[in-house]
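J.: Please model the complete structure; the sequences and the hints are all you need to start from.
Spelled out, the chains give:
2 protein chains.
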Amino acid sequence: MNIAILGFGTVGTGVYEIIKKASRQTTNLSVKKILIRKNKKAELPEMTDSIEEILNDDDIDVVVEVIGGIEPAHQYILDALKHKKHVITANKAVIARHMDEFSSVAAENDVKFYFESSVGGGIPWIQGLERALRIDDVDSITGIFNGTSNFILDQMKKTGRSFSDVLLNAQQLGYAEADPSADIDGLDVANKLCISADIAYDIFVTPNDNLPIFGIRNISEEDIAHFTSKNLTVKLMGKSHQLGNEFDYVVEPTLCKAEAIEANVPDNYNVISLHGNTIGTLKFMGQGAGQFPTANAVIQDILDIYQEKEHLRREFHSNLKFNANLTKSDYVVRSEIDVADIFADYQPETRNDYLMVHDVPVGTMHNLMKDVLKKDELAFMASVPAEGGVL
Amino acid sequence: MNIAILGFGTVGTGVYEIIKKASRQTTNLSVKKILIRKNKKAELPEMTDSIEEILNDDDIDVVVEVIGGIEPAHQYILDALKHKKHVITANKAVIARHMDEFSSVAAENDVKFYFESSVGGGIPWIQGLERALRIDDVDSITGIFNGTSNFILDQMKKTGRSFSDVLLNAQQLGYAEADPSADIDGLDVANKLCISADIAYDIFVTPNDNLPIFGIRNISEEDIAHFTSKNLTVKLMGKSHQLGNEFDYVVEPTLCKAEAIEANVPDNYNVISLHGNTIGTLKFMGQGAGQFPTANAVIQDILDIYQEKEHLRREFHSNLKFNANLTKSDYVVRSEIDVADIFADYQPETRNDYLMVHDVPVGTMHNLMKDVLKKDELAFMASVPAEGGVL
Numbered sequence: 001m002n003i004a005i006l007g008f009g010t011v012g013t014g015v016y017e018i019i020k021k022a023s024r025q026t027t028n029l030s031v032k033k034i035l036i037r038k039n040k041k042a043e044l045p046e047m048t049d050s051i052e053e054i055l056n057d058d059d060i061d062v063v064v065e066v067i068g069g070i071e072p073a074h075q076y077i078l079d080a081l082k083h084k085k086h087v088i089t090a091n092k093a094v095i096a097r098h099m100d101e102f103s104s105v106a107a108e109n110d111v112k113f114y115f116e117s118s119v120g121g122g123i124p125w126i127q128g129l130e131r132a133l134r135i136d137d138v139d140s141i142t143g144i145f146n147g148t149s150n151f152i153l154d155q156m157k158k159t160g161r162s163f164s165d166v167l168l169n170a171q172q173l174g175y176a177e178a179d180p181s182a183d184i185d186g187l188d189v190a191n192k193l194c195i196s197a198d199i200a201y202d203i204f205v206t207p208n209d210n211l212p213i214f215g216i217r218n219i220s221e222e223d224i225a226h227f228t229s230k231n232l233t234v235k236l237m238g239k240s241h242q243l244g245n246e247f248d249y250v251v252e253p254t255l256c257k258a259e260a261i262e263a264n265v266p267d268n269y270n271v272i273s274l275h276g277n278t279i280g281t282l283k284f285m286g287q288g289a290g291q292f293p294t295a296n297a298v299i300q301d302i303l304d305i306y307q308e309k310e311h312l313r314r315e316f317h318s319n320l321k322f323n324a325n326l327t328k329s330d331y332v333v334r335s336e337i338d339v340a341d342i343f344a345d346y347q348p349e350t351r352n353d354y355l356m357v358h359d360v361p362v363g364t365m366h367n368l369m370k371d372v373l374k375k376d377e378l379a380f381m382a383s384v385p386a387e388g389g390v391l
Numbered sequence: 001m002n003i004a005i006l007g008f009g010t011v012g013t014g015v016y017e018i019i020k021k022a023s024r025q026t027t028n029l030s031v032k033k034i035l036i037r038k039n040k041k042a043e044l045p046e047m048t049d050s051i052e053e054i055l056n057d058d059d060i061d062v063v064v065e066v067i068g069g070i071e072p073a074h075q076y077i078l079d080a081l082k083h084k085k086h087v088i089t090a091n092k093a094v095i096a097r098h099m100d101e102f103s104s105v106a107a108e109n110d111v112k113f114y115f116e117s118s119v120g121g122g123i124p125w126i127q128g129l130e131r132a133l134r135i136d137d138v139d140s141i142t143g144i145f146n147g148t149s150n151f152i153l154d155q156m157k158k159t160g161r162s163f164s165d166v167l168l169n170a171q172q173l174g175y176a177e178a179d180p181s182a183d184i185d186g187l188d189v190a191n192k193l194c195i196s197a198d199i200a201y202d203i204f205v206t207p208n209d210n211l212p213i214f215g216i217r218n219i220s221e222e223d224i225a226h227f228t229s230k231n232l233t234v235k236l237m238g239k240s241h242q243l244g245n246e247f248d249y250v251v252e253p254t255l256c257k258a259e260a261i262e263a264n265v266p267d268n269y270n271v272i273s274l275h276g277n278t279i280g281t282l283k284f285m286g287q288g289a290g291q292f293p294t295a296n297a298v299i300q301d302i303l304d305i306y307q308e309k310e311h312l313r314r315e316f317h318s319n320l321k322f323n324a325n326l327t328k329s330d331y332v333v334r335s336e337i338d339v340a341d342i343f344a345d346y347q348p349e350t351r352n353d354y355l356m357v358h359d360v361p362v363g364t365m366h367n368l369m370k371d372v373l374k375k376d377e378l379a380f381m382a383s384v385p386a387e388g389g390v391l
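Taken in sequence, the protein lines are chains A and B. Every letter in the first sequence is one number past the one before it in the UniProt record's numbering, and letter 12, counting from 1, is 12. Every letter in the second sequence is one number past the one before it in the UniProt record's numbering, and letter 308, counting from 1, is 308.
Derived from the structure by calculation, the hints contain no laboratory data. Treat the hints loosely; a few may be bogus.
Given that identical chains are not distinguished, each listed pair holds provided it fits within a single copy or across any two copies.
DSSO-like mimics (lysine-lysine), calculated; alpha carbons at most 30 Å apart, straight line [as the list claims (entries may be wrong)]:
| hint | residue 1 | residue 2 |
| --- | --- | --- |
| 1 | K257 | K230 |
| 2 | K321 | K21 |
| 3 | K21 | K257 |
| 4 | K32 | K20 |
T.: Okay, structure coming up:
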């Protein structure tokens, strides 16, 4: 099976190296072409800067897109599918925005569009979710979907250092990008949660302004110390629930009790959970990023195509409705100014330097926090566990 | 696809009920026959007490064996395979003893022999392990494989009650059997670890007297309280490692630091981990037993057959050698009598009511504990985490 890799960064190199090593069942795979940028020197005989050369090569069966970003990735994926090539991508941003288009163009051209590595890196999450869906309705998806933010929160807790210090350290270690906003502001989690919800609910949702997203940019070392003193650990989590004819979807800092699995996920690991009616709760944990785990997941998709193991067909026929206020939660809010008025309807209580608010519909909470941020741009909030985390 | 279920206990009933509900992709499955015991009243039209009636029914494609025990399950599985029926079983005891025979008879008759539900109940563990093996060598398998013992240890920790009290409670709740020895003495874990090692290393190992197995029968509420005071949690774990041309394998009480994932696995949940060279560490957590999770895993196997998703071929061609002393560990030993002499080679140190011993090869440790048990049949031991659990 002949493969073309578009982009030769961390993940592209990893895919190339694993295939070259030809262990186990990868012996039937061969990298025939690698697309590099215009004007970049071709250091390997497989390299080319011509996408047409790849599209028009009838020997190439599979195109692996690991360029990242929206364009030209979006166009390259469509062109490859239209040239009857299977496409595999790790690019969550482009999938979250265009999964419906990619799925229908793949179906029209009788080729596959797979993306295991886009959510949870090396964790077999998409595969596990699709498998659960063969039997069950999945009525909740929750998890730590972003390794960078988990690394930052874990280091803050372990070292007591400030957010900006730890972020700088993460950037030096290569765990965070120069522009870290996608990771710390929750957009990366939102992309991965959208992709998961697309599959779980058979509906196409894109990250947009209506979705409640709150990141960790404003968290302070004092917040972490206070939560720790109450036996709570804060994690940036993506959460989605389905109930009756509705579903919700939120990305927010979430307090977990010390004994919760999520509270104990270290470093840049991810954990993703699903709940189904007969299977109960399943949790998948592993490296949510990194060269070889992510490349491993790309190659798992290639092997599924080679072994004709079909993934779930996505048709987006569901008529579930998005309701940002489907679930309620208690929250803790920290602000330099008095914001109790804003939360007057939700039994605000001052505790130490924090305001506890109760039973707030999730969408409403995120809207009210936008009002708080207008007055205090450094304000922070986190959801509080239902089973009674005491602050 | 027509199915016969052998045995109509908890899991058999669960399989029947999920298929009857005909959700999602199970609509193509139909239960045609159910084998019940001789002289038992047939309460459903599908029921029969004749195995021959099932074997000779050419319309039956798949036989689900959920009788349990070795015979007649072993014979029924062989007979079904020889009658060209795919066989699915949840019966870890019979698989651990006869996987080589079942695999070769299945291959000879061009049918499948699948057993996802036998290890980890509803956790997609076999499937996840086989998938990892498509690319990686798997060089370690560790986990909490037994829900009953985990429930007991978790309850002892949470309530401070004695082993016998909690065991009685577990039996009343249906979490433990009238004869709990397979669960609390580690034999159930040994079966599941053998099955996992068979797949991971492509070698056939059976639970036998040479395998280091130590259960939790002797643990006291004072042990638990002492470990808790040191921020450690004890779990009954199965562990296997592969290094060079050798592998090991052990079932033993294992101290975990408070922040380890394993330390926080509650109730009757299981967690199973693998480590591979490119994927790193993957952990799978879920309900390791229970009617619907286990039945779900049985039906996943049926759907794999229906959708022609082939599992890994097992040929047992590996020439790895078992070495009980492949790895070393520190241990804590509790005995009413002075046993420091027995461990003279391993830097014995008395700490509170316990003896700490250091860098003991695992097989040697289990042999030495047999000597201890001859003098003090209530003695207890647990391995201590490498990263320095302080007792």
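J.: All the hints need checking, so say for each whether the structure fits it.
T.: Right, here's what the structure says about each hint:
no.	hint	result
1	K257 x K230	both (9 Å within a copy, 20 Å between copies)
2	K321 x K21	between (47 Å within a copy, 25 Å between copies)
3	K21 x K257	neither (43 Å within a copy, 37 Å between copies)
4	K32 x K20	within (11 Å within a copy, 49 Å between copies)
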